[in-house]
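Chains as they are written, first to last, in the working numbering: chain A, 2 to 657; chain B, 2 to 657.
Treat the hints with caution; some may be incorrect.
It does not matter which identical chain is meant; a pair holds if it fits inside one copy or across any two.
[Claimed, not checked] With a cut-off of at most 25 Å between alpha-carbon atoms, the simulated DMTMM-like pairs for lysine to aspartate or glutamate come out as follows:
(1) Lys-118 - Glu-459
(2) Lys-118 - Glu-403
(3) Lys-430 - Asp-589
(4) Lys-118 - Glu-526
(5) Lys-427 - Asp-617
(6) Lys-430 - Asp-147
(7) Lys-430 - Glu-22
If you are wondering where the hints come from, they were derived from the structure by calculation, not from laboratory data.
2 protein chains.
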Amino acid sequence: MNLRSDAPPIVASAPPTLVIECLTPAVDCGRFSAKRLAGDVVRVGADIFRDGHDILAAQVLYRGPADDEWRSVPMAFEFDDDRWYGEFAVDQAGGWRFTVEAWIDAFATWRGELKKKHDARQDVASELLEGAELVHGASRHARGGDRTALDSAAALLRRAAAPQAERVVAGAAAPLLELMARYGPRPGLTRAPAPLPLWVDRPRAGFAAWYEMFPRSFPGAAGGHGTFRTAAAALDRVAGLGFDVVYLPPIHPIGHTHRKGPNNTLLAGPSDPGSPWAIGDSAGGHMAVAPELGTLEDFRFFRERAEALGMEVALDYALQCSPDHPWVREHPEWFFVRPDGSIKYAENPPKKYEDILPINFWCDDRAGLWHACRDVLRFWIGEGVRTFRVDNPHTKPFSFWEWVIGEIHGEHPDVVFLSEAFTRPKRMKRLAKLGFSQSYTYFTWRNSASELESYITELTATPMREYYRGNLFANTPDILHEYLQQGGPPAFRIRLLLAATLLPIYGIYSGFELFEAEPLRVGSEEYLHSEKYQVRPRDFSGPSLDEDLMRLNRLRREHPALQRYDNIQFLPTGDEHVLCYRKVAGEDDLLVLVNVDPAAPHTAAVDLGEAMDATDLATGVSERLDATPWEVTLDPSAEPGRIWRLATLGAPGGEA
Amino acid sequence: MNLRSDAPPIVASAPPTLVIECLTPAVDCGRFSAKRLAGDVVRVGADIFRDGHDILAAQVLYRGPADDEWRSVPMAFEFDDDRWYGEFAVDQAGGWRFTVEAWIDAFATWRGELKKKHDARQDVASELLEGAELVHGASRHARGGDRTALDSAAALLRRAAAPQAERVVAGAAAPLLELMARYGPRPGLTRAPAPLPLWVDRPRAGFAAWYEMFPRSFPGAAGGHGTFRTAAAALDRVAGLGFDVVYLPPIHPIGHTHRKGPNNTLLAGPSDPGSPWAIGDSAGGHMAVAPELGTLEDFRFFRERAEALGMEVALDYALQCSPDHPWVREHPEWFFVRPDGSIKYAENPPKKYEDILPINFWCDDRAGLWHACRDVLRFWIGEGVRTFRVDNPHTKPFSFWEWVIGEIHGEHPDVVFLSEAFTRPKRMKRLAKLGFSQSYTYFTWRNSASELESYITELTATPMREYYRGNLFANTPDILHEYLQQGGPPAFRIRLLLAATLLPIYGIYSGFELFEAEPLRVGSEEYLHSEKYQVRPRDFSGPSLDEDLMRLNRLRREHPALQRYDNIQFLPTGDEHVLCYRKVAGEDDLLVLVNVDPAAPHTAAVDLGEAMDATDLATGVSERLDATPWEVTLDPSAEPGRIWRLATLGAPGGEA
């Protein structure tokens, strides 16, 4: 059996070809899109080589969502390892493509050999004739002055009466090179097998501070159950803290059947509001709003208020239903039916979620179901929503996500999807590859300096960086880590500082700023009196993280270095409790030092390798850091971390 | 523009699917074959996962060159990282394929949930009915006793009168599991996109000691120009040294036009034999033998003598012609014609090779040319040759090699091709991927311990190991490294020890065993009086490496650990001049220590991490190595290296 069925047959028309491979950026050889932000410069790399000794030339071909044809930009051979690079800017959200083509630069090859032989004092009469043929051939593709210029160059190369030295010089004249680059032959012209996809998001998909809040817990002066109107009044505070995105858990009608009571108990009292994730009752399903929050008109008021304050509203997209959801009545075939005829509720044995029915995405009427799910997104997009936090996507089919995100992005390339998958690594990665713009991470469970360094390195310096944008939530309604339960306010300050500076996207869930830390029970990551099952109005006037939040969110907006994803470099500190990282973007050069032990001061020794000016961004005080390791002690009860702006000695920009 | 055109459409018949990806072994995602040897066990790995919580099952499908259908072997989920493995043996040279398929193990999923719920004392009446349905469904595919057994199992699961505990136990009975594995449903059955190719060579392609010799330098008692007959008499010595392959530079008629004289001078005297790489004259081309060596009959005598001694003969496949080659007259269109009508000779400016014409592989009659080149191989294969050392393959088209090796391997899977490409890394790698069985390496230029460790690690512990089999030649007629020129006999002993033990394939070129070290001039890697241009009879009776060669080649045959490619592990020695490596194959556990400084003794401290018995394979003396670092001094003027066989304390096999 000869397996090499893809080996080239001998075909009379087959041209010589080049090898073009290992194109970057690429995700799984082009099966998925690499991700970029509008405004980015995309650096394309490729291995390009061929048998023999010819000089090659190459270019990147690229096209944006609005382009009818390919645009091109030359590539350069940067290192002696057959690796070429070229760059282009992406200025618009949507689907881009790029590829690489390369060819033999016959004229450059000719010139190179001519020079070597002439320098070795060899006779080059025949070589000059070869060059004349190349130039003459090119002139047939030129017109006007270009053609005349090429013809006279060919004539000079051919003129046996002229001294060889003069003709060799003429063959390397700059104007001739330019003309030959334009009109010269491109033997072996080869294009990489298939264009690679690149998905470009709007900038906020890659740089934003998120705030998660349950509107029902923000009542007016009268107290009780909050509404969109009363919660809108709380937006000034959120905007004042510097947040960009306000994310609301599901705002739809909440089911009554098997409604959960406080602390996830099985029997809800008549005044218990239930879990917002048990979606749907007689008032409607995923396209309705819970009457207790107000009307669709009230939601619009809330959204417009947020936007007026410079924020946008993100909604929850949770594809599951309460037993009272209209779909259960209208489309029982969309759910799982048990042998006894009843519809199956959600469970993760031995845990039961009687108030929630999972959807059967592979049911016979999956066409109807999938379209209905897509139409939920279309409805809220019609309501001005452009960001969706997707609940538990790993329990729904991968192919559904690829399809539905593709459908929506085809119509609205500005829509942002955040994947809330906490599961095994490859499944989280797959969802990101399938199209999710951002993804939750394991950040809440990475608390030591070495864990943080290794995890952030994985996110930003491995192939993940091309498709997985981590959103570092410091807490969620489901995750109150032991570190926060036991570390007191210093722990909250440390985690906030890390979340806000390690990556450009981060978030907190309401109550974090008040140091809320009481678990359901010892060993649990659930909050006591979890807001998932009850209304939890808060007093925001007491001790809080507000000052830290305001300062960090301001620094994030001022410093391009905090807005980029893959520019982090960790430095040794000599102390296992102190994390040190440097983030650079152009002139903006920041150094962050964090003591991750909330219980005790630690001293780090940091070495930048050169003496630099450093300005502490909290105090504004500048100092000179020597080239030798310098020591800093961080006392978390006073200040768990510091951020400096660095500048080379004597350079401008030494202050913030 | 929606780029996700490969996103799944909603099709009523579309089933749920699994993700199966990152299959190994694979070369460039299956574009090329991974390589193995007949007798190997192939370990197949794959990432296999799906949305949701179902338990999965998977198997490897594979087929050899003689198989009409797929064979299968189950895979197991070895680590909690969605990575699965399965193994199969390859017992025959030729093209193999494998792929992976996986499915939802519906019965195992059911059993798992049933157990969790039953353990949590939940009522499982409905679950038992679901299980009964699964078993009943499977019984429809069974016959006879299997069907009866399944039907009664289903009946028991369904029997409401029986206690649940009893029915739960029945659902996990071993015979039922076996039947369900055979007849149970396989929802989501998914196969990896395309089978991966695996090229299996005969064992000697991966384990052999090569000896390169010019027959003309092995005259009989009368002296003068050696012949196949006189050189055959020298084969006893070569076989006695323990070599497996005798490689002959081109044996074809040598051209007369511009024949090179001694030391590559331009004018050959009438008695100068010329370079064997200037192939072809009136006596014939690539399918003829040089009359001065004898006849084809004499070549057969030589080959048969080698085979009688347990060796095989490798020929040189050098696709270039002297100006006197018959092809030049019969097919001038196969060469490069200059503007003045003359045929171009080979050059690498400013160097000229006037005695050699390169072939124009992309000429108009490339079909005729490529077939003629292939027929040269067929001719020598017909003469019993099964190994070819290919001269300068990187100056001929990649696509030619892929085609011609594919053609030959389709007919003769036992043919071995060695790529003699010394060029940039990616081009050498490409040739190996295209089908070359073995490749020359940068070994001659890697002389320090750190260079050797890093280079051998690259060869054996990166993706290269799947397709690139390095053949460590210690010298060649073109490469006499400065290290050998200056290091004296200890340098030769060191390099031989390294070549013979670092990788399972190595070679020397005749004269190495006599410590030949005189360069053409200072700074040159060319030999003075290079055998490429003159006859060089040698006196093999003086001081030589014979003892080392015999010992090392014997150890290589005795020790499986020296026959494997990717089983090397380097250990720190605390001295930059001492290299330490361990090679293990099953019970065979070897430790090699080499001082790579031929000029001075050095002392290493080696730590095996545990106390072990060690037997020195040169002296046979056993000793106990402690768990703490132990010191060894190696004096290259006495013994530059040592090899021990290791055994765990008290275990049998502590001696060689």
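Evaluated hints:
Within a single copy, Lys-118 and Glu-459 get their C-alpha atoms no closer than 51 Å, and across copies no closer than 38 Å, so neither meets the 25 Å cut-off. Taking the shortest Cα distances, Lys-118 and Glu-403 never come within 25 Å of each other, neither inside one copy (59 Å) nor across copies (34 Å). With identical chains, the CA atoms of Lys-430 and Asp-589 are never at most 25 Å apart, being 31 Å at best within one copy and 41 Å at best between copies. Only between protomers do Lys-118 and Glu-526 lie at most 25 Å apart by alpha-carbon distance; the minimum there is 23 Å, versus 76 Å within a single protomer.
Taking the closest pair of Cα atoms, Lys-427 and Asp-617 never come within 25 Å of each other, the shortest separation being 40 Å inside a single copy and 48 Å across copies. In this assembly of identical chains, the alpha carbons of Lys-430 and Asp-147 never lie at most 25 Å apart, being 53 Å within a copy and 43 Å across copies at closest. Proximity of Lys-430 and Glu-22 under a CA criterion of 25 Å is satisfied in both settings, with 24 Å inside one chain copy and 13 Å between copies.
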